[in-house]
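Peer 1: With the hints in hand, could you dock these two chains into one complex?
Here is how the chains run, residue by residue.
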Amino acid sequence: MSYLVGSGLTSYGKHEGSSTLDLMSQASKLALKDAGLSRSDIDGVICGYSTTLPHLMLATLFCEHFGISPQYAHTVQMGGATGLGLVMLAKQLVASGAARRILVIGGENRMTGQSRDSAIQVLAQVGHPVYEVPLGATIPAYYGLLASSYMKAFGSNEQDFAALAVLMRQHASRHPGAQFQKPITEDDVLASRPIASPLKILDCCSVADGGCAVVVSSEPVGGNPLKITGAAQHHNAQHISAMKNLNDFGAGQCTQRALQSAGRKLSEVEYIAIYDSFTITLTMLLEEIGLAPRGQAGNWAREGRFSQDSATPLNLHGGLLSYGHCGVAGAMAHLAEAHLQMTGRAGERQARRSGVSLLHADGGVLSSHVSLVLESV
Amino acid sequence: MNSNDWTQGGDHLHYQQCGTCANRWYFKRDFCPTCGQTSPHTHLASGLGKVCASTLVHRAPSDEFRAIVPYRIVMVDLADGIRVMGHAEVDVLMDDQVRCEVRTIAGRSLPYFVKDTHVS
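Sequences listed follow chains A and B, in order. The first sequence begins at 57 in our numbering and counts up by one. The second sequence begins at 952 in our numbering and counts up by one.
None of these hints come from the bench; they were simulated from the model. Treat the hints loosely; a few may be bogus.
[Stated by the list, open to error] Within a straight-line C-alpha distance of at most 20 Å, the following computed SDA-like cross-link-like pairs (lysine to any residue) qualify: (1) Lys300/A / Cys972/B; (2) Lys979/B / Lys238/A; (3) Lys300/A / Asp1046/B; (4) Lys300/A / Ser990/B; (5) Lys208/A / Ser253/A; (6) Lys1001/B / Met207/A; (7) Lys1001/B / Lys283/A; (8) Lys238/A / Glu404/A.
[What the hints assert, rightly or not] To spell it out: a stretch of chain A is covered by chain B in this simulated footprint if at least three of its residues, at any positions, have a beta carbon under 8 Å from a beta carbon of chain B; those stretches are: (9) 176-190; (10) 398-406.
C-beta atoms are modelled at their ideal positions from N, C-alpha and C, and glycine is treated no differently.
In isolation and in its complexed conformation, chain B is listed as follows (with noise of 0.2 Å):
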C-alpha cells in the first residue's frame, strides 16, 4: 500500500456527485455533466465492486511496463456506481468480487484490484 495522490483520495479512489441531479462521475471536473451544476460533492469510493472486463496484457508500452509483463488491466463496476479501470491480480476473472487498492506498480501510484474474499 502506499498514499499518493489516487488521484487525491490517497489510499481510495475518488468519484464525484451532483447536488443537484445526483448523478455520478469518475473523471474529476467541476460541473456534472449532465445537468451542468457546479460545485459537485467529491467523495471516498468504498472501492467495492463487481470485474465487468478484463486484459492481460503481454506487449507493454514501454520498459517500465514491460518489465512487470504479463499485467492484469480490469474495469470494474463499483458499489459506488462508476467504473474504474484497474490493475488487478493476474488470476482476477470477470465477474469477480473485488476490492481497491493503491500499489505502487512500474514505479508509479495505481489502482489495484484484489479479489474481496468478504462477500458473501
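In isolation and in its complexed conformation, chain A is listed as follows (with noise of 0.2 Å):
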C-alpha cells in the first residue's frame, strides 16, 4: 500500500518576489512537517515543470536548492494533470521499491513571473503549433468551442456554468488561503468581461503564484496518513481538431478504472475534487463521470448537491475557479484540500464525512486524464 502522509499548500495569489523555486520550497516544507519528517527522510522527488522556469532538469535543480540528495528524482508534464499524475507514479514507485519516501510538489510565479500576455501565449501552446495556434486561438478560446457544442448537445446554458463559479467563490470564501474570497453571484458571472464567448473572465480560472507539495510513503507515518487505493488515466487526441468524440473525453472510463483498481463504486465516494479550469470543465467532468445528469451539473450546485454540508462535497476549497490556478499546484491544492478533509482537520470547511475520495484532473483541453481515490486509514 501507499500512503500520501503529508501535505502543504501556500496561499494562491500574488507572491511579488517569489520563484517558482522560492515556491516549491515552502510548500515542500510545510508538507514535511505536516508529515513528521525532515529532509533526510526523504529518497525520492518528483516535479511538475513551471511555465516561468523551463529547466531540462527541474527535479535536480530543486533538490540542489533546497538540499536534499535522493535516490530517484525527475520532473513530469501532463498539463493540468500533472499534479495528480506525479502522485500516481509516486504510488507505483513507492510500490516497486524504488523509493520509500517521496516529496512531489508543484510550485510556480505563474502570476508574477511574466506578463499577462506571455502566460496566455505559453498556455494556447497545447494547442497544434501549426493549424490552431497560428489562429489567434487561446485556452479560452480552444474551452469556449467545446462548450458551444456541448451546450448544443446536452442542453446546459451559460446561467448554469455561472452556478458552478458562485459555488467555487462560496467555497473559497471560507479558506483564508484564496486568491478570491468574496462572495459572487450568477448575475455577476453573466455580467463579467467576455472573454471567449460562452466563457466570461468569471467563468476562467485565475493566474496565481503559489505551491503545493505531499509526501508519498510506503508506511502509515506521521499522525494524518492516507491511503492512495485507486488511479488511473486516460489519454485523449492532444488537439480538439483531432478529437474523435466531442462529447467524450475519458473521464468517465478513466475514474471507473480507478474506483475499480480501490474496489470501489462511484456511489462509495464521499468527497469529490475535480478539476475545473472553466466552468464548463467542471462541467464537462462533473457530468461524465456520472456525478450529475448530462446537462444538469449546474442545476446541481444551485440545490446545493455539491456544497460543504451535502453527500458529494466539490473542491471545499474553492479549486481553480477561486482558490486560483498557478499551473502544475493547480490540482494539487485539491489534493491539499482532500486530505485535510479526510483527516478531519478543515476546521470551518470540514464536510460531514469524507473516507472515501475521487479526485479527477485533465490536462491540455481535456486531453489527458488522471484519477486518484484516496480513503482513510
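Peer 2: What follows is the structure, encoded as C-alpha cells:
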C-alpha cells in the first residue's frame, strides 16, 4: 500500500519576488512538517514543470536548492493533470520499492513571473503549432469551442456554468489562502467581461503564484496518513481538432478504472475534487464522470448537491476558479484540501463524511486525464 | 483571397487519405495514424462543411490579434470527412453551412469560413 502522509499548500495569488524554486521550497517545507518528517527522510523527489522556469532538469535543480540528494528524481509534464499524475507515479514508485518516501511538488510564480500575454501565449501552445495556435487561439478559446458544442448537445446554458463559479467562490470564502474570497452571484458571472464566448472572466480560473507539495510513503508515518487506493489515466488526442468525439473525453472510463483498482463504486465516494480550469471544464467532467446527469451540473450546484453539508461536497477550498491556478500546483491544491478534509482538519470547511475521495484532473484541453481514489486509514 | 501556403494547398485546405484503410485526417504526416501505412495521398479539400463549434474571442493573445477583436473561431466538419479549425464571419452560427476561403488575418494567411449561400 502507498500512503499520502503529509501535504503543504501556500496561499495562491500574488507572491511578488518569489521564484518557482522559492514556492516549491515553501510548500515542501510545509509538507514535511505535516508528515512529521525531515529532509533526510526523503529518498525520492518528483515535480511538475514550471512555465516561468523551463529547465531541463527541474527536479534535480530543486533538490540542489532545497538541499537534498535523493535516490530518484525527475520532472513530469501532463499539463493540468500533472499534479495527480505525480501522485499516481509516486504510488507506483513506492509500491515497486524504487523509493520509500517521495516528495511530490508543484510550484510556480505564474502570475508575477511573466506578463499576462506571455502566460496566455505559453499556455495556448497546448494547441497545434501549425493548425490551431496561429489562428490567435487561446486556452479559453479552445474551451469556448467545446462549450458551444456541449451546450448544443446537452442543453446546458451560461447560467448553469455561472452556478458552478458561484459555488467555487462560496467555498473559497471560507479559506484564508484563496486568491478570491468575496462571494459572487450568477448575475455577476453573466455580466463579467467576455473572454471567449460563452466564457466570461468569472468562468475562467485565475493565473496565480503558489506552491503545493505532498509526501507519499510506503508506510503510514506521522499523524495524518491516507491510503492511495486507486489511480488511472486516459489519454485522448492532444488537439481538439483531432478529437474523435466532442461529447466523450474519457473522464468517465478513467474514473471507473481508478475506482475499480480501489475496489470501490462511484456511489461510495464521499468527497470529490474535480479539475475546474473553466466552468465548462467542471461541467463536462462532473457529468461525464456521472456525478451529475448530463446538462444538470449547474442545477445540482444550485440545489446544494456539491455543498459542504451535501453527500458529495466538491472542491471545498474553492478550486482553480477561486482558490487559484498556478500551474502544476493548481490541481494539487484540490489534493491538499482532500487531505485536510479526510483527516478532519478542515476547520469551518469540514465536510461531514470524507472517508472515500475521488479526484480527477485533465491536462491540455481534456487531452490527458488522471483519476485518484484516496481513503481514510 | 490570397494564395499563401494553407498549408501548401494554396487557396484550399489539404487533407490526407490512406490508400489502404481509407482513413482521412487533417494534420499532415507521412504515414496513416490508424494503420501505419506509408505514402498517404494528399488531396485538396472542398472546404464545404457545417459549423460544429464556435467561439467569439474577446481576449486576444497578442497585439496582432488585439487589433481585430472580437474575432470568431470555429470548428467545421467538412464534407471531405475531416474537422478543421478556422476563423469565420462574426455572425456565423452553430450548424451554419460554410465555405472555406484563405484570407490574410492579423498579418498572416489563415482559413476563413463564410456562410455558404449556395446550399439548398
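Peer 1: Please go over all the hints and tell whether each is borne out by the structure.
Peer 2: Results for each hint:
1. Lys300/A / Cys972/B: Cα-Cα ~17 Å, so holds.
2. Lys979/B / Lys238/A: violated (48 Å)
3. Lys300/A / Asp1046/B: holds (18 Å)
4. Lys300/A / Ser990/B: Violated, at roughly 23 Å.
5. Lys208/A / Ser253/A: Cα-Cα ~14 Å, so holds.
6. Lys1001/B / Met207/A: Distance ~17 Å between Lys1001/B and Met207/A Cα, so the pair holds.
7. Lys1001/B / Lys283/A: Status violated; Cα separation ~49 Å.
8. Lys238/A / Glu404/A: holds (17 Å)
9. 176-190: Per the Cβ count (8), the hint holds.
10. 398-406: Violated: only 0 residues of the stretch 398-406 of chain A have a Cβ under 8 Å from chain B.
The structure shown violates the earlier hints numbered 2, 4, 7, 10.
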